[in-house]
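Visitor: Dock chain B against the given chain A, drawing on the hints supplied.
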Amino acid sequence: MAMTVSYFAWVRERMGVAEEVIEKPATVATVRELVAWLAERDERGALAFVEPGRIRAAIDGAMVGPDALLGDEVALFPPVTGG
Amino acid sequence: MIRVAVTTDAIDIPAELDIHDAGGHGASASFIGRVRGDGGLVELFLEHHPALTEAGLAELAHVAADRWALSALTLVHRVGAMVPGDSIVLVLASSAHRAEALSATEFLIDRLKTDVMLWKRETFADGRVEWVEPRESDHGRAERWDT
Chain A
2 MAMTVSYFAW VRERMGVAEE VIEKPATVAT VRELVAWLAE RDERGALAFV EPGRIRAAID
62 GAMVGPDALL GDEVALFPPV TGG
Chain B
111 MIRVAVTTDA IDIPAELDIH DAGGHGASAS FIGRVRGDGG LVELFLEHHP ALTEAGLAEL
171 AHVAADRWAL SALTLVHRVG AMVPGDSIVL VLASSAHRAE ALSATEFLID RLKTDVMLWK
231 RETFADGRVE WVEPRESDHG RAERWDT
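From first to last, the protein sequence lines are chains A and B. Residues in the first sequence are numbered from 2 upward in steps of one, following the numbering used here. Residues in the second sequence are numbered from 111 upward in steps of one, following the numbering used here.
Okay, chain A solo, but in the shape it has when bound:
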């Protein structure tokens, strides 16, 4: 199934793109599974997702946990540091 994944901050830098449309396998259903799949997919993914515990995600504008189910889009990024 096709879905849009966007990246921010150092995750974006390591992935080399701000956004991409991916064809994810049927076995990838959650944020955690997507991060693991991206880390396996290629070298840039391995670099960006070497520490899955440092990755945060948002779906439809809301911050979600690693077990959240994926839909049409997801944003992946490091812990936020505003303020």
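Rather than coming from a laboratory, the hints here were simulated on the basis of the structure. Note that CB positions come from ideal geometry on N, CA and C, so glycine has one too. Treat each hint with caution, since some may be false.
As the list claims (entries may be wrong) - Which residues of chain A face chain B? A few of them, derived with a C-beta cut under 10 Å, are:
#1 F9
#2 R57
#3 P79
#4 T82
#5 G83
#6 G84
Guide: Just chain B, lined up with the frame of chain A:
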């Protein structure tokens, strides 16, 4: 009145105060976060999400307005490239009495460090470029408001 903004321009603090104060409030609290030039920092860059950063700020503002009796609330966050001395964030909260205004201001500055899609990148005079890591103490401060 709730006013939330994300801007690449310098935050015009006198203008924001004028807008905020239009109602004539009993008590107004404010917080201004500025870029520090520690360690030879020459640029602070704030990366943001084109839609979700402002939405996150608006969500926080509404949570504060529901929790405290506020007559006005202003939350302005700058994004993009900044230099030491520039204002990064402005929080203004007003109420009839000081306690609500002060608490709401502290809540907003604590929570926007952990809940809003913003990322700081520092560039130093010697050429180093580093993404800022979140501090454990920031999460501790943000979690105080959960109860």
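Visitor: Measuring from the C-beta of R57 (chain A) to each C-beta in chain B, is the shortest one below 10 Å?
Guide: 9 Å, holds
Visitor: Holds or violated: F9 (chain A) as interface residue toward chain B, Cβ cutoff 10 Å?
Guide: 6 Å, holds
Visitor: Using Cβ atoms only, decide whether G83 (chain A) comes closer than 10 Å to chain B, and label the hint accordingly.
Guide: The hint holds - G83 (chain A) has a Cβ within 10 Å of chain B, the shortest such distance being about 3 Å.
Visitor: Does P79 (chain A) meet its interface restraint, that is, does its C-beta lie within less than 10 Å of any C-beta in chain B?
Guide: 7 Å, holds
Visitor: With chain B as the partner, please determine if T82 (chain A) meets the hint condition of a C-beta pair closer than 10 Å.
Guide: 4 Å, holds
Visitor: Classify the hint on G84 (chain A) as holds or violated, based on whether any CB of chain B lies nearer than 10 Å to its CB.
Guide: Result: holds, 4 Å to nearest chain B Cβ.
The structure shown violates none of the earlier numbered hints.
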